[in-house]
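Novice: The primary structure of each chain is shown beneath.
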Amino acid sequence: MTRSNIALLVLIAAVAALPLFGGAYALRLGTIACLYAVLALSWNVVGGLAGYPSFATAAFFGYGAYAAGVLLGHGWPLWAAVASAMLSAFVAAAALGAVLLRLRGHYFAIASLSLAEVLRELVNNATDLTGGGMGLNIPLASGAGIMAEATFFFFAMWGVLLATALMAIIVGGSKLGFALACIRQNETASSMVGLNTTLYKAAAFGLSACFVSAAGGIYAAWVHYIDPSDVFDILYSVKPIVMALMGGLGSPLGVACGAFLYLGLEEVVWRNYIQIHTGVLGLLIVLLLLFLPHGLSSLRPDRLWRRAKHV
Amino acid sequence: MSELLRLERVSRHFSGLQALRDVTLSVARGEVLGLIGPNGAGKTTLVNTICGVTPANSGTVTFDGTDITRIKTYQAARLGLSRTFQIVQPFSEFTALDNVAAAALFSQPGASLKGAREAARAHLAFVGLEAQASQPAATLTLAMRKRLELAKALAMEPKLLFLDEVNAGLNSAEVERATKLIHELAAGGITIVMIEHLMKVVLNVCTRIVVLHNGALIADGAPREVISNPAVVEAYLGQKYAQRSAGHG
Numbered sequence: 217m218t219r220s221n222i223a224l225l226v227l228i229a230a231v232a233a234l235p236l237f238g239g240a241y242a243l244r245l246g247t248i249a250c251l252y253a254v255l256a257l258s259w260n261v262v263g264g265l266a267g268y269p270s271f272a273t274a275a276f277f278g279y280g281a282y283a284a285g286v287l288l289g290h291g292w293p294l295w296a297a298v299a300s301a302m303l304s305a306f307v308a309a310a311a312l313g314a315v316l317l318r319l320r321g322h323y324f325a326i327a328s329l330s331l332a333e334v335l336r337e338l339v340n341n342a343t344d345l346t347g348g349g350m351g352l353n354i355p356l357a358s359g360a361g362i363m364a365e366a367t368f369f370f371f372a373m374w375g376v377l378l379a380t381a382l383m384a385i386i387v388g389g390s391k392l393g394f395a396l397a398c399i400r401q402n403e404t405a406s407s408m409v410g411l412n413t414t415l416y417k418a419a420a421f422g423l424s425a426c427f428v429s430a431a432g433g434i435y436a437a438w439v440h441y442i443d444p445s446d447v448f449d450i451l452y453s454v455k456p457i458v459m460a461l462m463g464g465l466g467s468p469l470g471v472a473c474g475a476f477l478y479l480g481l482e483e484v485v486w487r488n489y490i491q492i493h494t495g496v497l498g499l500l501i502v503l504l505l506l507f508l509p510h511g512l513s514s515l516r517p518d519r520l521w522r523r524a525k526h527v
Numbered sequence: 024m025s026e027l028l029r030l031e032r033v034s035r036h037f038s039g040l041q042a043l044r045d046v047t048l049s050v051a052r053g054e055v056l057g058l059i060g061p062n063g064a065g066k067t068t069l070v071n072t073i074c075g076v077t078p079a080n081s082g083t084v085t086f087d088g089t090d091i092t093r094i095k096t097y098q099a100a101r102l103g104l105s106r107t108f109q110i111v112q113p114f115s116e117f118t119a120l121d122n123v124a125a126a127a128l129f130s131q132p133g134a135s136l137k138g139a140r141e142a143a144r145a146h147l148a149f150v151g152l153e154a155q156a157s158q159p160a161a162t163l164t165l166a167m168r169k170r171l172e173l174a175k176a177l178a179m180e181p182k183l184l185f186l187d188e189v190n191a192g193l194n195s196a197e198v199e200r201a202t203k204l205i206h207e208l209a210a211g212g213i214t215i216v217m218i219e220h221l222m223k224v225v226l227n228v229c230t231r232i233v234v235l236h237n238g239a240l241i242a243d244g245a246p247r248e249v250i251s252n253p254a255v256v257e258a259y260l261g262q263k264y265a266q267r268s269a270g271h272g
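First to last, the protein sequences are chains A and B. Just so you know, the first sequence maps onto residues 217 to 527 in the working numbering. Just so you know, the second sequence maps onto residues 24 to 272 in the working numbering.
One chain only, chain A, in its complex shape:
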């Protein structure tokens, strides 16, 4: 295992210590941090490794939230609801991916973007199952008290993050990761050396959707009420891309750091510029990407040291 992958696991282990230090607010932030990192790491499999700019994250987040939410409403236990959301998301995304991933570049971006809109309309119209625009109430998990529940959902989301990180590490070092790197660099040459590009792209898309859906499922159970405009929010597609860019495309450690940094910025900016927070946040992101185009992972202590010596 490479040094950066070990660092990623250490970072995630450190996040798990959060309940020792903070109250309900810290737990809430921690849960969102884990959620963001899951989304960004999953996006990275398709966007960072294969180089396909996917805007489908919101679609699978919403799908997972609704699939798990509906099942929980029917009295399923949380783990079973999330597991079936994951499994069905994998199958559906792999099948969809085999079709969508034939498009390249901007065309793929737009097609993946419309996926969330299509799902949103479906959910809006399937009123009997999903409650339509009225939203869906999800039964409380238990009456164990606020702190106990916050801790429980923090660790549930943290567990999904750990699983996603392990997936990202395994994919990175496997034949699948190698294939995706080939596809990113030269898709024509890839198929010429015997690489079944459709199969590998679909597998990557499915894997990515699978972990996003798990996060969606946990989110739904955590907030107890979801509606289409909340879980199919386009920002769930855009934010992971910004996080991955800020952290450094392709590297799981960089992407996870990017997610945490993004949440930090969002939190600080929101608190201090309540009226114009999106504007300030946008400006900060633009500045960051202007001066650090390859993200945080391009900041290495040895390089900084070299630069300092030359000044």
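Check before you lean on any hint, since a few could be wrong.
What the hints assert, rightly or not - Here are some of the chain B residues that sit facing chain A, going by a computed Cβ distance under 8 Å:
1) 109
2) 112
3) 130
To be verified - Which chain B residues stay away from chain A? Per the calculated CB distances, all over 12 Å, these:
4) 123
5) 160
6) 165
7) 220
Said to hold, decoys possible - The calculated DSSO-like cross-link candidates involving lysine-lysine, where the alpha carbons are at most 27 Å apart (straight line), are:
8) 223/B with 391/A
9) 95/B with 391/A
10) 203/B with 182/B
11) 95/B with 182/B
12) 223/B with 182/B
13) 223/B with 263/B
14) 182/B with 137/B
15) 223/B with 203/B
16) 182/B with 391/A
Hint data in this document are derived by calculation from the structure and do not stem from the laboratory. In this text the structure is predicted, and so the values were computed from the model without any measurement. Quick reminder that beta carbons are idealized off the backbone N, C-alpha and C, glycines included.
The hints should help you fit chain B onto chain A, whose structure is shown.
Specialist: What follows is chain B alone, placed relative to chain A:
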């Protein structure tokens, strides 16, 4: 000699432009076939049609007894059809070693990444790039990248190897080196179809030559015989070349 590849009345057009017209061609096992013709004659299209990049609109392609007319590119690669590109197509961020490893890994079902890297080392050594193994492909010179393409093609353990202008853009010393490699491959028993503009190389290496002109085959035969064919002289070689080679011959 038994037949390895057979094209039966293969045609291909691109919205009105007839790139290949009724090409019938047979390639025997162990032969080194030269495919020549003016630019735009359809030479690369012919290779693309056989390898499944632009499948034939009509006609059939048979490889080693199997009909491959409608085959997908990656399936063709796994069957043992491999090629180099006229314009080199490396995985530019990968090292030279990983470029070749990719070819070894995906062309053989069940290959492992570790095994593929080991196999890649041997192929890099064969083309004389072992010193550049850990260098990113983007930093290699054109001549090196051409040899890298060859190593990639060889790592696929081809039965039939297409060489698409492997000598274009190389200086004479580099051409000599490439020609020597092709000789070694042919001696090793790989069937080769080479697209080439350098007549010196063609005459030196090929056992048979076919000539394409406007998408149709206009000549097929032994090298000396083909280059003295008046139709070939008119379409491709030009009168001066014919006179000169007649004088030498």
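Novice: Find the nearest Cβ of chain A to the Cβ of residue 165/B and say whether that gap is larger than 12 Å.
Specialist: holds (16 Å)
Novice: Quick one, are residue 182/B and residue 391/A close enough, alpha carbons at most 27 Å?
Specialist: Status holds; Cα separation ~25 Å.
Novice: Below or equal to 27 Å on CA atoms is what counts here, so check residue 223/B against residue 391/A.
Specialist: violated (43 Å)
Novice: Does the interface hint hold: is residue 112/B within less than 8 Å of chain A, judged Cβ to Cβ?
Specialist: Since the shortest Cβ distance to chain A is 4 Å, the answer is holds.
Novice: Compare the distance between the alpha carbons of residue 203/B and residue 182/B with 27 Å, and conclude whether the hinted pair is satisfied.
Specialist: holds (20 Å)
Novice: Hint check: residue 182/B vs residue 137/B, CA-CA at most 27 Å. Holds or violated?
Specialist: Roughly 24 Å between the alpha carbons, so the hint for residue 182/B and residue 137/B holds.
Novice: Would you check whether the claim that residue 160/B is not at the interface survives, using Cβ distances to chain A and the 12 Å cut-off?
Specialist: For residue 160/B, whose nearest Cβ neighbour in chain A is about 9 Å away, the distance does not exceed 12 Å, so it is violated.
Novice: Grab the minimum beta-carbon distance between residue 123/B and chain A and tell me whether it stays above 12 Å.
Specialist: Label violated. Min Cβ-Cβ 9 Å, cutoff 12 Å.
Novice: Straight-line Cα separation of residue 223/B and residue 263/B no greater than 27 Å?
Specialist: Roughly 15 Å separates the two Cα atoms, so the pair holds.
Novice: Does the CB of residue 130/B sit less than 8 Å away from some CB of chain A?
Specialist: holds (4 Å)
Novice: Is the nearest Cβ of chain A still more than 12 Å from the Cβ of residue 220/B?
Specialist: Holds, because the least Cβ-Cβ distance between residue 220/B and chain A comes to about 22 Å, which exceeds 12 Å.
Novice: Decide if the proposed pair is consistent with the structure: residue 95/B and residue 182/B, CA atoms, cutoff 27 Å inclusive.
Specialist: holds (17 Å)
In the structure shown, a violation is registered for the earlier hints numbered 1, 4, 5 and 8, in ascending order.
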